[in-house]
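Protein chains: 2
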Amino acid sequence: MSEKKILLTEKEIPEKWYNIMADMPNKPLPPLNPATRTPIGPEALAPIFPMGLIQQEVSAEKWIDIPEQVRDMYKIYRPTPLFRAYGLEKALDTPAKIYYKYEGVSPAGSHKPNTAIPQAYYNKQEGVKKILTETGAGQWGSALAFACNMFDMECEVFMVRLSYDGKPYRKMMMNTWGASVHASPSKLTQAGRTILAKDPNSPGSLGIAISEAIELAVQSESSKYALGSVLNHVLLHQTIVGQEALLQMEKAGDLPDIVIAPFGGGSNFAGLSFPFLRLNLDEGKKIRAIASEPASCPKLTRGVFRYDFGDTIGMTPLLPMYTLGHNFIPAPIHAGGLRYHGAGVIVSQLLKDNLIEARAHHQLECFEAGVLFARTEGIIPAPEANHGIATAVQEAQKCKEEGISKTILFNLCGHGNFDMAAYDAYFSGKLSEHELTTAEIDSSLAELDTPTIA
Amino acid sequence: MSEKKILLTEKEIPEKWYNIMADMPNKPLPPLNPATRTPIGPEALAPIFPMGLIQQEVSAEKWIDIPEQVRDMYKIYRPTPLFRAYGLEKALDTPAKIYYKYEGVSPAGSHKPNTAIPQAYYNKQEGVKKILTETGAGQWGSALAFACNMFDMECEVFMVRLSYDGKPYRKMMMNTWGASVHASPSKLTQAGRTILAKDPNSPGSLGIAISEAIELAVQSESSKYALGSVLNHVLLHQTIVGQEALLQMEKAGDLPDIVIAPFGGGSNFAGLSFPFLRLNLDEGKKIRAIASEPASCPKLTRGVFRYDFGDTIGMTPLLPMYTLGHNFIPAPIHAGGLRYHGAGVIVSQLLKDNLIEARAHHQLECFEAGVLFARTEGIIPAPEANHGIATAVQEAQKCKEEGISKTILFNLCGHGNFDMAAYDAYFSGKLSEHELTTAEIDSSLAELDTPTIA
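Residue numbers (the numbering used here), protein chains in the order written: chain A, 1 to 454; chain B, 455 to 908.
Bear in mind the hints are in silico, worked out from the structure with no lab data behind them.
Take every hint as true, because none was put in to throw you off.
The following label-pair restraints were derived from C-beta to C-beta distances:
# : chain 1 : residue 1 : chain 2 : residue 2 : range
1 : A       : 427       : B       : 673       : 23 to 29 Å
2 : A       : 9         : B       : 544       : 21 to 27 Å
3 : A       : 435       : B       : 544       : 52 to 58 Å
Glycine included, C-beta positions come from ideal geometry on N, C-alpha and C.
Pulled out of the complex, with its shape left as it was, chain A reads as follows:
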């Protein structure tokens, strides 16, 4: 057997993030002020984000330097390995060559620290002492807790009550890195108190937790807010994944025909695929990029392209995105990181322009793919990661049917160490599939009174 892993040295950690905005044939439409419905500028974001990140949010520069201190911190787990999936190929008896980039080697166990680290860094640069955020299942919260700890900053996390009570290990992980974690809704904010007054037993939601984090963040000059996906600067930071993978594929003497990644808000998918899409845009390559989303939250495959809010409550600017409607409540699937109603604006525009593809998978199909992967490659994936595996398996099977060999690369974005209860539910037949009807989607979209896009 030739090499199973293609490794890079620390010196080969990319020195720049790739900003696809510079190369897009159609730039995203501007965000709108929700009250006036007129375009807003970057200054509107200043109360919640530091200028270093806001500049990246609106930058048209193709390459953005990764600060030396960020690269140093990346060295805790980067470069991450790229694997040739010999075991999975054999099990599928496919002529396809399958590769995967493994981001589960980070201390927080996923790709999320790739943006948590620079976000902490740019905040620190501008004198911010504390960063507030929300977290659902806990992946993002623990990544930010880790990053803030490493830059000696405070971190305060509002964790959806349902997860806070039901998934305590992620909370303890955040505590270990020194973060304070509150069950949301909490009595610490007006938003939380209002919700609790109506329903003292509220299980919370990401929308509420975002409101609480922002409310506290804007109360002090020395505190800011951070988001783990969707926004342009978050997608930008994640391109470190694809930049490394590109180098590694070159070392393997190969180039993918298809790149695949799970899709929640877009940063996972953007991180792997954008550096390969650059080859299409710059050099006329024809690499297909497929976003893998849950069938229970199918904004890319069944949503509409129009302006919508980034949060549930409607506090953010209006963004041009594929959306199921900001009031859409996804079924409680185990891939908590993919339960988001909309898609980041860059990815939405790329899909609109047919430069990328999307595919939806049912939960049971994803776990089936994940267990096959664990038993052939040895690594137990996070439920989110199983979506990318499901697409890769489909493409490999298609290669077999058609008798052709393609090169497939997917992002194994995290390990499943904190998700064993989900696997247990799968094995014991307790995992159900929520079949989302067209009527349910129509009903969610019918509530929208946000601007449409021609």
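Could you slot chain B onto chain A? The hints should help.
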């Protein structure tokens, strides 16, 4: 900052394990038949282990080839990184240089697959279809489940009832790799039924679980038993850790003055230290090797060197070891992997000959060191690993006091993803320290009627 991680390529994975037995000035005394108290030969082990492993158990060859299929399977996670602990050094303000080898990158999260893989391989070579074993907290059981799965063999694990009920995630991990897991004591064996007849609510023990696994293993030609530490062949397999670390230290242009590893039965410590002790034995180097054990189970620092049983019930051959007595019940500390009454025979002989050192740490001191590590290096260690960190911190502090720089290398043998409840107990002040009295040790040793050693 120079390189934080020193990485090797897959081609650099060592091709041989190092067998320290060949270089020991005094060879270990032979095991004794418990009935006749006369030396037994390797054939006595044939009912429970395959010949490939028994040959390694008694081999006097200095270098033993790692089979190509084993090296291929190692590539799933090996070579593992070696880190320079810049963050920890800075926090300690020490002139010492601190390095650590990180074994938590394996799919099972610890160093245990280093021996689980070859054990599965040699069993497979001899036509064994199923391997049985016991597990306490679950580290070893999940490593063997992983390895058996990769070699397409059955794996059956008897998991101590207390852990089975209280730490379900490790069980689910084993299930995900296809292993069957029974709470022990079980009704599947005579040993289990006997215990349950006396106490239907027995919480179980490692000793009982070993008895159950062996009882079933010997009932069929096609099944064998496997042990995760203590025995010579297990220590041998773990030397892959130190062999890699030696190469990595050379790349760093450094050589450790002190190597440190946690001590349970000996394989963790042997794995890192033996390849460095070879430099002492072969080349007259003066590298100190320190075994870090829990103060609540201090066989090396407070036990006696005499013949004793490897298990609690007294089924195994009598082994010449440092022991607290096979009836000694360690306090329920969170470092479950270190709760073993005795030390493997090779390590015991080395300690007897003053070729290695040992140090005991209290649980609270270990968690304090572990949290310092998590907050400065970013990785949350397993409670077992915290023992090695505690020794490294002490040595680094000593360097500061004495104003000298030494090079310290320790084995970060696993991550703490499955141990967050232990950290939570630590932070909430619920971790207690069991102060082991001399009377307690004396009382355990007084029960022993096994042969003494002059």
